[in-house]
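If you follow the hints, you should be able to join the two separate chains into one complex; please do so.
Protein sequences appear in the order of chains A and B. In this text, residue positions in the first sequence follow my numbering: the first is 267, and each later residue adds one. In this text, residue positions in the second sequence follow my numbering: the first is 448, and each later residue adds one.
Hints listed in this document are in silico derivations from the structure and should not be mistaken for laboratory results. From the three backbone atoms N, C-alpha and C, an ideal C-beta is built for every residue, glycine too. Check the hints yourself; a few may be wrong.
[As the list claims (entries may be wrong)] Ranges of calculated distance between the beta carbons of each label pair, as one might list FRET restraints:
1. A528/B with G671/A: 21 to 31 Å
2. T327/A with A528/B: 30 to 40 Å
3. R535/B with A746/A: 24 to 34 Å
4. T455/B with T567/A: 32 to 42 Å
5. S433/A with E453/B: 45 to 55 Å
6. K675/A with T455/B: 24 to 34 Å
7. G519/B with A504/A: 56 to 66 Å
8. T459/B with A648/A: 37 to 47 Å
9. T455/B with A495/A: 23 to 33 Å
10. R296/A with T455/B: 27 to 37 Å
11. A489/B with R516/A: 46 to 56 Å
12. T459/B with E565/A: 49 to 59 Å
Okay, here's what each chain looks like letter by letter:
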Amino acid sequence: MSGPLKLTGISASAGYAEGPLFYLEPVAARYARKATAADETAALEAAIGVAAARLAGLMETTNEEAAGILEFQVAMLEDDALTGPAFAAIDAGQPADMAWRQALDAEIAGYETSDQDYFRARAADMRDIRDQVLRALTEDGEVVAPAGAIFYGEDIAPTRFLETDWSSGGGIALKAGSAASHVAMLARSRGVPMVVGLGASPAHLAGIALLDAEHGGIVLSPSKAEIEAFRRSSSSFAARRDQAETYLARPAATKAGTAVRVQVNIADPSDVDGIDISTCDGVGLMRTEFLFGKTLPDEETQYLAYRKVLEWAGDKPVTIRTVDAGGDKPVPGFTVEEGNPFLGLRGIRLSLARLEVFRVQIRALLRAAMYGNLKVMFPMIAVMDEYQRATALFAEEQAGLSARGVASKMPPLGIMVEVPSVAIAPEAFSAIAFFSIGSNDLTQYVMAAARDNASVAHLNSVRHPAVLRLIASVAAFGQANKIPVSLCGDAGGDPASIPALLEAGLRDLSVVPAQLAMAKAAIADVSV
Amino acid sequence: MSASAEATVLITHEVGLHARPSVKFTKLAKTFSAEIEVALAANGPWFDAKSIVKVMAAKAPKGTMLHIRAKGDGAGEAVGALVELVRRDFDEGADHVRTA
Chain A
267 MSGPLKLTGI SASAGYAEGP LFYLEPVAAR YARKATAADE TAALEAAIGV AAARLAGLME
327 TTNEEAAGIL EFQVAMLEDD ALTGPAFAAI DAGQPADMAW RQALDAEIAG YETSDQDYFR
387 ARAADMRDIR DQVLRALTED GEVVAPAGAI FYGEDIAPTR FLETDWSSGG GIALKAGSAA
447 SHVAMLARSR GVPMVVGLGA SPAHLAGIAL LDAEHGGIVL SPSKAEIEAF RRSSSSFAAR
507 RDQAETYLAR PAATKAGTAV RVQVNIADPS DVDGIDISTC DGVGLMRTEF LFGKTLPDEE
567 TQYLAYRKVL EWAGDKPVTI RTVDAGGDKP VPGFTVEEGN PFLGLRGIRL SLARLEVFRV
627 QIRALLRAAM YGNLKVMFPM IAVMDEYQRA TALFAEEQAG LSARGVASKM PPLGIMVEVP
687 SVAIAPEAFS AIAFFSIGSN DLTQYVMAAA RDNASVAHLN SVRHPAVLRL IASVAAFGQA
747 NKIPVSLCGD AGGDPASIPA LLEAGLRDLS VVPAQLAMAK AAIADVSV
Chain B
448 MSASAEATVL ITHEVGLHAR PSVKFTKLAK TFSAEIEVAL AANGPWFDAK SIVKVMAAKA
508 PKGTMLHIRA KGDGAGEAVG ALVELVRRDF DEGADHVRTA
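Next comes chain B alone, as it looks inside the complex (with noise of 0.2 Å):
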């Protein structure tokens, strides 16, 4: 039986699950050679977490709980490491932020 895990976290990321933040985050995703999907309810649609297009195409905003689930080889550890990501807020911090 392979290994299976599931967890959900929220976006706090100013403009959500877009451009850059989903550069990082499908990059950390290939890394591990589980079979990975986000959605943005309990009950899909899933998402490919390794394609960019995939998880752009989930249009997640800022407040968003995110759910992403993992299959095979390292699973625990991928939804580890991929909650862990949108939880620093995917190491931008305010650098985003420009003043007017």
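So here's chain A without its partners, still in its complex pose (with noise of 0.2 Å):
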């Protein structure tokens, strides 16, 4: 076999995990079809008993937790609603395992094309169901995986993480799957380490496989030296994380008592579910981009998304970023295909652009805004009349809402430093509410180095002096002109980052909900 294969995907669950890659396969094994109808209706009712018996077993060696899915799963099964489709289609002449499997995609599908992350997610317990019914039809045992192996396939029912012994580690790595997953939850509360939407792999994986579910991605056919670093890096995950969790419950200060916000970025309002919001300070980005699927999303639907986050977070605030889409975030339908991306018609350029999509927006937000602390950032300003622009349009939009006598407000209006235009010359937007520093974009743009280009990667880094020093000239810019700065970018999580970010004089970070508590016992070693 070639040299290491690296997947990217999205952490679930965070932790490490070395182990034989195991694969989750589907049901295979060949139904014999019997003589008669009845028999047939015979053999579905005795596999739905067999099935409904071993989620009772399963839930008598579980926590409350997963006795709740399971109880859910065992309601599903008992419910004529379910199974009365597959008995009628067997009194119509089909086999037993047909009409099951037919009954229950039927119903599958009504659940993955659901526009709610957590209704989406109900699809892989629907899938067990199915699966658990069709094993016990054609009596196809499991196969039983390794101690620590790392389960991988398309996603894993909830019954066979429940029914698999972690004791001695493991982990979980999906080509699809879902953090909103039963699964996701049962493995964060256990402590499992799992990492979802690796997509299709290249080629077929095999052997010893390195899990890292603290940033998402697995690799396969590992180096010596790659080995020994994920060892290091495991040891310290377990370590900072013991020590992490003292921290989360408080607020965050540095060694000598400066205190530091630390609110969590978000990309799905569904995000939120998990966290208490007691932990942080706020969402210090809400990303919109989830919104912009397959289709444009309609006032409605965005009002409601960012109307959850607002009554989440209370009176602290919730910093929403219109859309970021162009870059290497395409959105079909909106954005424009070019030679260039990251230097083209992104953020509020394409906004700007597109001025019908961009209002919609604005009027969602402005309605949003009477349900909590709303703050809006536009991103990708270069120069102050973009945001001279956007402003003016809110306040369009805000005249036209109340004409018609809609409930709104104006929430404060502010700006990412991204483009280093605006991190060299801040003073010509003195007259905005809040600046956020978008280290990623800020970083690839100082240091011309695509963020998404493997081969430049070792010149991506916020602490490169240069990079370093236009946050300090913003932060103190701020300081002196009474404008909040603050940082949403990858560095404000990064251990290995936040001390530099403190010194240049940054006191409100805002970071991935999984790094809360880590970035937090960070700042409490920095002595600034």
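Next up, the structure:
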């Protein structure tokens, strides 16, 4: 086999695992057709009974959270509305396995097409129900995974998770999957490392794998040096996590007692479901690109998404970024194809070029502002004129809403600092409400090294003196002019970068929720 | 003439009338002999409140007004008990909220 193979995905449960890759296979065994429809009916009834009994047995060995998930599956299996169509199909001449599969697939499709994250994640539960009954029908036993294995496949069934003994390690690496799935919830509460969204693999994977579920990736056929580096990260993670947990509930402060605000970055309204608001100082960055999937979202969809997060945060601030499409985030029907997308029509440039789309988002934000402490910021601002045009649109739309008697509120309007022109000459922006430094883009533009190009990744360091000097200069400008400055790039949650950021004068960081505790612990170690 | 009852209640549970809440809801509904239905709007569509498949299919998120109606023996008690369950947030409180 050639050199190491690396796949990246999204962390659903942080941690590290090293072990043999174990394939999660779909149910494949053949079903032996029965002689009569009555026999087929009896076979399906028996299989449903076997599956329900297995679930009941599993419930006795699990905790309350897991039992709740299993209870849902049992209730589904007992519901005639679920099983009825399968029995009807058998009466119409279908064999039991096909009848069951089709009835369940129709139900699963309804979940998969839902526009709500939480609901879509229930498709995994329905597939679990389907496969358990199919296994009982075909008497197909599951292959037992070796101890400490890393389960790999499209998705993993909740029952499979619960039947696995995780005491000797192991982890989960999924091509698809969801961080909102029941398995992801269970993995987080049991501390089982899990990565989702790895995508289709270019090659057949086998052998020992290194699963990094802190950053979201997996390495196959690792080199000796990679294994050693992985083990170091793994043991440092365990130590940091144990220590960090003690910091989570407390406000962040440095060794010298300097208070630091730590907010969270979210990408989807359901991200906040798992976060205790008392552990953070608000939402420093809510991305809105998730709304712009296959179709452009209407005002109501956006309004409800923003309102949900605002209500969750209570009186703590929620900073929502207007859509930052383009660059590495194309949206069909919205973004344009360009030779050099990172330097093209992206962020506020695209919004100002597509006013009919931007105005919908602005109205949704103005209406949602009634339900909490909203702040809005514009991405990719390069010159003050862009900010003025965007704020004028906010004023126009607010006047329109008032004229129609719709309640709205004007939020403070700020900008992202990611285009070097802003960081170099912030004095052009002395009239804005706040700055939020997007360190990922600022770094790639200062270093002229694309974020998505692995061959120049070594240049992309926020700790390069040029980047740090710009950050320090923006922080100083903000302080002198009483304009709040925060940072919401990946560097904010990186323990190795936190000391340099605080030394540069920042006192407000926004990090991904999984890094909250670790970031607070890293802050406590800094002496500024 | 058989009894009938109807009420509306706001869903405040974080994830709405989904998975665990709907298990509790349908279990409670099944303890009554009355015919019970739920809907997200006063003019329907109405879903069988004793079927978890149907209740889940209603896809009621947090912040939805849930309409409940019942017909037959104990209709009033059934609606009252179900409204009370939704109001109590399905007895879940904050135990479904994990720390990050």
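Going down the list of hints, with the structure as the test:
no.: 1; hint: A528/B with G671/A: 21 to 31 Å; in the structure: 39 Å, violated
no.: 2; hint: T327/A with A528/B: 30 to 40 Å; in the structure: 32 Å, holds
no.: 3; hint: R535/B with A746/A: 24 to 34 Å; in the structure: 53 Å, violated
no.: 4; hint: T455/B with T567/A: 32 to 42 Å; in the structure: 24 Å, violated
no.: 5; hint: S433/A with E453/B: 45 to 55 Å; in the structure: 52 Å, holds
no.: 6; hint: K675/A with T455/B: 24 to 34 Å; in the structure: 28 Å, holds
no.: 7; hint: G519/B with A504/A: 56 to 66 Å; in the structure: 59 Å, holds
no.: 8; hint: T459/B with A648/A: 37 to 47 Å; in the structure: 44 Å, holds
no.: 9; hint: T455/B with A495/A: 23 to 33 Å; in the structure: 59 Å, violated
no.: 10; hint: R296/A with T455/B: 27 to 37 Å; in the structure: 51 Å, violated
no.: 11; hint: A489/B with R516/A: 46 to 56 Å; in the structure: 48 Å, holds
no.: 12; hint: T459/B with E565/A: 49 to 59 Å; in the structure: 24 Å, violated
In this structure, the earlier hints numbered 1, 3, 4, 9, 10 and 12 are contradicted, and the remaining ones agree with it.
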